[in-house]
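Engineer: Given these sequences and hints, build the entire structure.
Using the numbering used here, read the sequence shown as starting at -6 and increasing by one per residue.
Keep in mind that the hints were calculated from the coordinates and are not lab data.
Restraint ranges, calculated between C-beta atoms of paired labels, are given here:
id: 1; residue 1: LEU48; residue 2: LEU6; range: 48 to 56 Å
id: 2; residue 1: LEU25; residue 2: GLU4; range: 25 to 33 Å
id: 3; residue 1: ALA31; residue 2: ALA57; range: 38 to 46 Å
Since the structure is predicted, the reported quantities are computational estimates derived from the model, not experimental observations.
Backbone N, C-alpha and C fix where the C-beta goes; we use that ideal spot for every residue, glycine too.
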Amino acid sequence: MDSFPYADWAEALEANSAIYTFADNESIIFLLTGLGIAVFLLSMVHLVRNEDKNLNHAAARLAARDAAPTAPMGGE
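Structural biologist: Structure follows, in structure tokens:
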């Protein structure tokens, strides 16, 4: 069953001015691209800061564990 109403893609592009919603508006494409890049960069900054906080917390716990006095080992 062929549900595509056009003979080829060129006809579909002419009739619909492309398949994409914002095909005729170049500025919205740039805006959405810019927003996507900004969201990506902000998420990377958040990821790095969150990982830094978690690693510093883990390092502090390990340092505190290693600094705690322990009973002497050995039988003498």
